[in-house]
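K.L.:
Sequence:
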Amino acid sequence: MTIGRGWMYFGIPVPAHKGIEADTGQINTAVSSFHRLMDAIATAKDTPDHCQKLHNTRQRIMQLVKKTSSKLKALSESNHHHIVNLGKRIEDAKLARDFQSTLQEFQKVQQMASKHESTYSHAATPPSLPITCSSGSDDSWPSPLPQEKQPFLTTQRK
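By the count of our numbering, the sequence shown reaches residue 214 at its end, each step adding exactly one.
In short, the hints are calculated from the structure, not lab data. Each hint should be verified, as a subset may be incorrect.
Said to hold, decoys possible - Listed next, the in silico DSSO-like pairs over lysine-lysine satisfying Cα-Cα at most 30 Å (straight line):
| hint | residue 1 | residue 2 |
| --- | --- | --- |
| 1 | Lys-109 | Lys-171 |
| 2 | Lys-101 | Lys-129 |
| 3 | Lys-164 | Lys-150 |
| 4 | Lys-123 | Lys-109 |
| 5 | Lys-74 | Lys-123 |
| 6 | Lys-144 | Lys-129 |
| 7 | Lys-122 | Lys-109 |
| 8 | Lys-164 | Lys-74 |
| 9 | Lys-101 | Lys-74 |
| 10 | Lys-122 | Lys-164 |
| 11 | Lys-74 | Lys-109 |
| 12 | Lys-171 | Lys-122 |
| 13 | Lys-74 | Lys-129 |
| 14 | Lys-101 | Lys-164 |
| 15 | Lys-74 | Lys-122 |
| 16 | Lys-129 | Lys-164 |
| 17 | Lys-101 | Lys-171 |
| 18 | Lys-150 | Lys-122 |
| 19 | Lys-123 | Lys-144 |
| 20 | Lys-109 | Lys-164 |
| 21 | Lys-171 | Lys-123 |
| 22 | Lys-74 | Lys-150 |
| 23 | Lys-123 | Lys-150 |
| 24 | Lys-122 | Lys-144 |
Using the sequences and the hints given, assemble the complete structure.
P.N.:
See below:
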């Protein structure tokens, strides 16, 4: 699997940018699911199964973010080693911006979830109300891409 030039999908070569687009779409979908699950905290739907779904969705997003980030980095490195036309650089910059926007949306939703979880987990909960999920300290949230990992954004601004 060579990321810079593309990868194989069931034996068919796929350009690298299509894989990144697909991954970003999967992250968007998972973030929407995470938001929906977060909205159910402290409701009748807030069960241990719900907490597990929330945790699994969060983990899936973080795995997709790592995967997509490494693909973008490899694409950037590939572009540094080859002469790349302006259209490709613009397309790559759009991929980076879309990914960064998706990542920021996830961070916004996970911050809301943390606040939501702490608000309801610290409140005195009568036995009739559901027990809420609490975010564990073992979960590490993806941070925005550092400046050195934003090559497409910096080249676009020049």
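K.L.:
Need the status of pair Lys-122, Lys-144: alpha-carbon distance at most 30 Å?
P.N.:
23 Å, holds
K.L.:
Is the straight-line distance between the alpha-carbon of Lys-74 and that of Lys-109 30 Å or less?
P.N.:
Holds, at about 28 Å.
K.L.:
Taking 30 Å as the top limit, are the C-alpha atoms of Lys-101 and Lys-129 close enough?
P.N.:
Answer violated: Lys-101 to Lys-129 is near 40 Å, above 30 Å.
K.L.:
Assess, step by step, whether the Cα of Lys-171 is no farther than 30 Å from the Cα of Lys-123, and give holds or violated.
P.N.:
With a Cα-Cα distance of about 27 Å, the restraint between Lys-171 and Lys-123 holds, given a limit of 30 Å.
K.L.:
Need the status of pair Lys-101, Lys-164: alpha-carbon distance at most 30 Å?
P.N.:
22 Å, holds
K.L.:
Are the Cα atoms of Lys-74 and Lys-123 separated by 30 Å or less?
P.N.:
14 Å, holds
K.L.:
Lys-164 and Lys-74: Cα distance at most 30 Å?
P.N.:
26 Å, holds
K.L.:
Quick one, are Lys-74 and Lys-122 close enough, alpha carbons at most 30 Å?
P.N.:
The hint holds at about 17 Å.
K.L.:
Are the Cα atoms of Lys-74 and Lys-150 separated by 30 Å or less?
P.N.:
12 Å, holds
K.L.:
Does Lys-109 lie within 30 Å of Lys-122 when you go C-alpha to C-alpha?
P.N.:
Roughly 20 Å separates the two Cα atoms, so the pair holds.
K.L.:
Is the hinted pair Lys-74 and Lys-129 satisfied, with a Cα-Cα distance of at most 30 Å?
P.N.:
15 Å, holds
K.L.:
Given the proposed pairing of Lys-129 with Lys-164, does the C-alpha separation stay at or below 30 Å?
P.N.:
Distance of about 23 Å is within 30 Å: holds.
Hint compliance for this structure: hints 2, 9 are not met, and every other hint is.
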